[in-house]
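Following the hints, position chains A and E against chain Y.
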Amino acid sequence: MALGALYAKAAVGAVLPGRGKTLPDREIAREGLTVDLGHLADYARVCGFALTDTLPMTYPHVLAFPLQVELMACRAFPLPLPGLVHVANRITAHRAIRAGEPLDVRVRAERFAAHPKGAQVDLVAAVSVAGEPVWDGRSTYLARGGSAPTGFAGEMPEMSDVDGPASAVWRVEKDTGRRYAAVSGDVNPIHLNPLTARAFGFPRAIAHGMWTAARAVAALQGRVPDAATYEVLFRKPLLLPSAVELVTQPARGGWNLSVRNRRTSAAHLAAQVH
Amino acid sequence: MSNDRLRDFSNTGIAGRLGVPRVPLLRRHEPGRPLLPGPALVSAVGAGRFAKPIGALVEESGQSVVESAGEDKLAAVVLDLTAAASLADLAAAQQILTPAVRKIAPSGRLLVLGPEPAEASTGEAAAVAQALDGLVRSIGKELRAGATANLLVVAADALPAAVDSSVRFFLSARSAYVDGQVVHVGVPVGAPQDPVGMDDPIDPDRPLAGRVAVVTGAARGIGAAIADTLARDGASIVAVDIPAAGENLAKVANRTAGVALQLDITAADAPERLLGHLRERHGGVDLVVHNAGITRDKLLANMDAARWDSVLAVNLAAQLRINDALLTDETVLREAGRIVCVSSQSGIAGNRGQTNYAASKAGIIGMVRAYAPRFAERGATINAVAPGFIETEMTQKMPLGTREAGRRVNSLRQGGLPVDVAETIGWLGQSSSGGVNGQVVRVCGQSILGA
Amino acid sequence: MAAKTRQTRQAAVIGGNRIPFARANGKYARASNLDMLTATLDGLVARYGLAGERLGEVVAGAVLKHSRDFNLTREAVLGSRLAPSTPAYDVQQACGTGLEAAIAVSNKIRLGQIESGVAGGVDTASDAPIAVNEDLRRILVALNGARSASARLKLLGKLRPGQIVPEIPQNSEPRTGLSMGEHAAITAKEWGVSREAQDELAAASHRHLAAAYDRGFFDDLVTPYLGVTRDDNLRPDSSVEKLAKLKPVFGRGEDATMTAGNSTPLTDGSALVLLGSDEWAAEHKLPVLAHFVDAETAAVDYVHGRDGLLTAPVYAVPRLLERNGLTLQDFDFYEIHEAFASTVLATLKAWEDPAFSKERLGLDSPLGSIDRSRLNVNGSSLAAGHPFAATGGRIVASLAKALHEKGSGRGLISICAAGGQGVVAILEAVK
Numbered sequence: 000m001a002l003g004a005l006y007a008k009a010a011v012g013a014v015l016p017g018r019g020k021t022l023p024d025r026e027i028a029r030e031g032l033t034v035d036l037g038h039l040a041d042y043a044r045v046c047g048f049a050l051t052d053t054l055p056m057t058y059p060h061v062l063a064f065p066l067q068v069e070l071m072a073c074r075a076f077p078l079p080l081p082g083l084v085h086v087a088n089r090i091t092a093h094r095a096i097r098a099g100e101p102l103d104v105r106v107r108a109e110r111f112a113a114h115p116k117g118a119q120v121d122l123v124a125a126v127s128v129a130g131e132p133v134w135d136g137r138s139t140y141l142a143r144g145g146s147a148p149t150g151f152a153g154e155m156p157e158m159s160d161v162d163g164p165a166s167a168v169w170r171v172e173k174d175t176g177r178r179y180a181a182v183s184g185d186v187n188p189i190h191l192n193p194l195t196a197r198a199f200g201f202p203r204a205i206a207h208g209m210w211t212a213a214r215a216v217a218a219l220q221g222r223v224p225d226a227a228t229y230e231v232l233f234r235k236p237l238l239l240p241s242a243v244e245l246v247t248q249p250a251r252g253g254w255n256l257s258v259r260n261r262r263t264s265a266a267h268l269a270a271q272v273h
Numbered sequence: 000m001s002n003d004r005l006r007d008f009s010n011t012g013i014a015g016r017l018g019v020p021r022v023p024l025l026r027r028h029e030p031g032r033p034l035l036p037g038p039a040l041v042s043a044v045g046a047g048r049f050a051k052p053i054g055a056l057v058e059e060s061g062q063s064v065v066e067s068a069g070e071d072k073l074a075a076v077v078l079d080l081t082a083a084a085s086l087a088d089l090a091a092a093q094q095i096l097t098p099a100v101r102k103i104a105p106s107g108r109l110l111v112l113g114p115e116p117a118e119a120s121t122g123e124a125a126a127v128a129q130a131l132d133g134l135v136r137s138i139g140k141e142l143r144a145g146a147t148a149n150l151l152v153v154a155a156d157a158l159p160a161a162v163d164s165s166v167r168f169f170l171s172a173r174s175a176y177v178d179g180q181v182v183h184v185g186v187p188v189g190a191p192q193d194p195v196g197m198d199d200p201i202d203p204d205r206p207l208a209g210r211v212a213v214v215t216g217a218a219r220g221i222g223a224a225i226a227d228t229l230a231r232d233g234a235s236i237v238a239v240d241i242p243a244a245g246e247n248l249a250k251v252a253n254r255t256a257g258v259a260l261q262l263d264i265t266a267a268d269a270p271e272r273l274l275g276h277l278r279e280r281h282g283g284v285d286l287v288v289h290n291a292g293i294t295r296d297k298l299l300a301n302m303d304a305a306r307w308d309s310v311l312a313v314n315l316a317a318q319l320r321i322n323d324a325l326l327t328d329e330t331v332l333r334e335a336g337r338i339v340c341v342s343s344q345s346g347i348a349g350n351r352g353q354t355n356y357a358a359s360k361a362g363i364i365g366m367v368r369a370y371a372p373r374f375a376e377r378g379a380t381i382n383a384v385a386p387g388f389i390e391t392e393m394t395q396k397m398p399l400g401t402r403e404a405g406r407r408v409n410s411l412r413q414g415g416l417p418v419d420v421a422e423t424i425g426w427l428g429q430s431s432s433g434g435v436n437g438q439v440v441r442v443c444g445q446s447i448l449g450a
Numbered sequence: 000m001a002a003k004t005r006q007t008r009q010a011a012v013i014g015g016n017r018i019p020f021a022r023a024n025g026k027y028a029r030a031s032n033l034d035m036l037t038a039t040l041d042g043l044v045a046r047y048g049l050a051g052e053r054l055g056e057v058v059a060g061a062v063l064k065h066s067r068d069f070n071l072t073r074e075a076v077l078g079s080r081l082a083p084s085t086p087a088y089d090v091q092q093a094c095g096t097g098l099e100a101a102i103a104v105s106n107k108i109r110l111g112q113i114e115s116g117v118a119g120g121v122d123t124a125s126d127a128p129i130a131v132n133e134d135l136r137r138i139l140v141a142l143n144g145a146r147s148a149s150a151r152l153k154l155l156g157k158l159r160p161g162q163i164v165p166e167i168p169q170n171s172e173p174r175t176g177l178s179m180g181e182h183a184a185i186t187a188k189e190w191g192v193s194r195e196a197q198d199e200l201a202a203a204s205h206r207h208l209a210a211a212y213d214r215g216f217f218d219d220l221v222t223p224y225l226g227v228t229r230d231d232n233l234r235p236d237s238s239v240e241k242l243a244k245l246k247p248v249f250g251r252g253e254d255a256t257m258t259a260g261n262s263t264p265l266t267d268g269s270a271l272v273l274l275g276s277d278e279w280a281a282e283h284k285l286p287v288l289a290h291f292v293d294a295e296t297a298a299v300d301y302v303h304g305r306d307g308l309l310t311a312p313v314y315a316v317p318r319l320l321e322r323n324g325l326t327l328q329d330f331d332f333y334e335i336h337e338a339f340a341s342t343v344l345a346t347l348k349a350w351e352d353p354a355f356s357k358e359r360l361g362l363d364s365p366l367g368s369i370d371r372s373r374l375n376v377n378g379s380s381l382a383a384g385h386p387f388a389a390t391g392g393r394i395v396a397s398l399a400k401a402l403h404e405k406g407s408g409r410g411l412i413s414i415c416a417a418g419g420q421g422v423v424a425i426l427e428a429v430k
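Protein chains in written order, with numbering that gives the first Met the number 0: chain Y, 0 to 273; chain A, 0 to 450; chain E, 0 to 430.
Chain Y on its own, in the form it takes in the complex:
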């Protein structure tokens, strides 16, 4: 089922009774996925990566994302998909993945817990090649005002916003959400145009968090080892269009990053890669 249809189904499901109270004990898997080079090129172009036959660190996320949605759109999923906010993301690459390798992708949900502002849940993806784990992803979503049966999941990872001069200024164009939606399949209406975004309480469309995360780590392409962990906290939504600044700072053998509004200096993203 196409992601758009899944969103539609989830939107309908959100108002229907019968939602589950706990996480479904379910894992969705796809085996032997191969990366389409044309798609990889489109993704690299939108996110600012150079095109090589090695996958960008953030690329497997778009392979796992449809599976996440499929899981979250299911009636039994305890939180309604529309309105879920991506608040944090953690990627661990164990080694470089070549574009031709057949990838097995498994996605499940875990850590359904209370959050000061509602309830949060992690969608965990694991990518392996012939049984060898090559990539792990953990996306944390928040349902504002939602409730969770289990207790507090604990503090989000501590990350301070990096201060200092900008390494780069990005003029983030207004069609960035549509462009990333086209390569990621994340057609959440809050990213697509101002009208649909307004329906969800945003003054304008906002950039995908994972686009911002990808664009930031792309700026360090060539300076991050193949095996690395990329932790991201999403802060204020990045309204489209915007001028934002990327700040990079070497730290503990890796890098601290932040993306902030050029005018207000409000942080959109804080991250570490090491």
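With a cut-off of at most 35 Å between alpha-carbon atoms, the simulated DSBU-like pairs for lysine-lysine come out as follows:
1) E:LYS26 to A:LYS297
2) A:LYS297 to A:LYS250
3) E:LYS246 to Y:LYS173
4) E:LYS64 to A:LYS250
5) E:LYS348 to E:LYS430
6) E:LYS64 to Y:LYS173
7) E:LYS348 to E:LYS241
8) Y:LYS173 to E:LYS157
9) E:LYS64 to E:LYS246
10) A:LYS250 to E:LYS107
11) A:LYS297 to A:LYS396
12) E:LYS26 to A:LYS250
13) E:LYS188 to Y:LYS173
14) E:LYS188 to E:LYS64
15) E:LYS430 to A:LYS250
16) E:LYS405 to A:LYS250
17) E:LYS153 to Y:LYS173
18) E:LYS26 to A:LYS396
19) A:LYS250 to E:LYS284
20) Y:LYS235 to E:LYS188
Chain A regions said to be covered by chain E (calculated; three or more residues, Cβ under 8 Å):
21) 236-249
22) 258-266
23) 273-282
With beta-carbon atoms standing in for the labels, derived distance ranges:
24) E:GLU133 to Y:ARG222: 19 to 27 Å
25) E:SER66 to A:ASN301: 56 to 64 Å
26) E:PRO264 to Y:LEU36: 38 to 46 Å
27) E:VAL239 to A:ARG373: 51 to 59 Å
28) A:ASP296 to E:GLU278: 48 to 56 Å
29) Y:ALA113 to E:ALA141: 46 to 54 Å
30) Y:ARG197 to E:PRO264: 42 to 50 Å
31) E:ASN143 to Y:LEU36: 15 to 23 Å
32) A:LEU399 to E:SER66: 49 to 57 Å
It is worth saying that the hints were derived from the structure and are not from the lab.
Model, not experiment: these values are computed from the prediction.
Idealized CB from N, CA, C, for every residue including glycine.
Below, chains A and E without anything else, positioned relative to chain Y:
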């Protein structure tokens, strides 16, 4: 360049039937063409020492020589009157010339060689010598169809070799617009040349081969034509003009495979820079053509100092300073060096609104005459050419009436071309033209102005 | 290293030619890079009497380049009066292009691979290449490769009105999104370069350039083009007072010290130098103005590191001095390219700063100050303008001539370039 519609129209059949006087199409030099397009009459009165070598020259160039006028059209008539000393000799000359002028072909050449009046031993001889002046100038006015008449006044001790380059020039198509001129030829300056008859240059099409020629004001107009013509004749060109004219200057330098030198000749250090360039880049210079000139026309009553000063500075002062530098410097001006200064008909006849310009151009004539003996000591010559009405970008901009009047008031009934000035300079610039020094040669089609 | 250098022969700077530089979208608005480069080459040929001559090599480039100019320099040679048998190739190193080209040619001369060569560059900000929108471009590329009518129709169906918006090349660094001016403003702030000092440098540049023109210094360095006889950015009457009235264009608040007057304008123009072996010059009776002694190129991490975009020459010069056993004070002329007045001043401050020199340059003591009366004595980019790839050729020719006039001594060239690069070189007078 020539935009002479009357000349073009007058050569059509309709114009002939309407009785429009024909404006002749002048024969001009093209490399590879023979010296003359037809036979020449070469004769002498008395013991003229030039007729024989000139006859040989004509035959060598591939044309036949006749001693008296017959049925055939004559491409040239050469009469050696250097031995004429009596009125009887003069009468004999008339007997030869009268049938001859009837047979002169279109663009034909009449060239008389006469004795130097100042050297005459008797009053009659002096009178006869001077009579040739009036005779030849009158013939010039009678000849039609582009034919010209000129007089070479030759010093008694000048050998035939001394007149060689001048005879070639006046017989050839190179002298198309030089008419009614009297040129004095003396013993060539510098070390005596091999006195063996007519010295035949190795290649008559490249008489300037191996010579370095500086042309000032070379970016456009007559200066550019001079550069082109001298290069065609074998010279290496150093094209000089003000820095602001550099774009055109580069084009002229490149099409002549020469060198562009952007230099304001009025600058204090201009002579030093010019000579330095010639010394360093070319090992010296053989021919300096002072062509650069400007006009800032205004009636004298309205003349301001700026107009006066700028014209005199460019047209005269700069030439004086460069010539002084060439005389002072021991090495830059090489053996058989030639200086040619471009004067003007205005400098001879004067011109309304051009007091500054005419003064500068007349000044050039005085300078040339004064410097001639000093350059001669160095084995060099200095001469002036004085163009009349030459078809240039400048004359194209004149009002039609002025332009037409300027064009027609001469024996050839047309304006000259820049190349006509250039050809004359090329002749004076040859190493074999050492017998011509301190002369002013008009390139004016025998204009009535100032004559 | 120095000893090794001496084993090879000398490369001589014989002269140069450039066209007057013109402010963008002005007098040269209709001239292409090829037009300007060819005219400049022809002017050089005319000055040195090289019509029909086969030279060893012509090396030049442009920063803003059309796809049709893939063989720009060779095309210029073919359109010029040089022998068509003269080989040519393009280089491109942003504002370092012209100097890097001169390094390439002089190195080949020193190695004996060629006897003579021409180096330089050209740029037009007026006739800049404008690309179609990236999406449109991709569709057009695919359309070109489509084999069937239906495939083409399908592609045409993807066209959207918004794709007609063209992409105009921007004077900004691809990796930082900041314009050069914005980068320079960061460096100016870091080094505390004052507005007054910048304006003084700019006024001096205009004054020096105007004086050089007036004394005929450029008579054999510049050939007019399209009726322009002098750099049209030159304001001979420029003064600190006039410059002080201009509003800042880069930087913020009190740190905003950079104006249109103390920054170079977008400029069109072209410049070349003639290089050769001493023997070749002598054979052609051409004067040797100076010898091209040595050169160094440095680069800095201006993206994620601490260095400013235009500060690479700060690193290049000490390395060049060390290799040649020289100090910063051993020069009679300093040609420091004025991308911005603040760039020159920050560079000088860095060389004077003990802490910076120790920590960043690894020097026990700073390079020290220069005699400012020897800096850009015949004007530089603030007055002449800065057609990116042409600046190197302008500087090499002008410095060589200044050394020739002086008759002794040496000169230092320092050019900063986009991408955090810097190209520096030493010329020496021929005694």
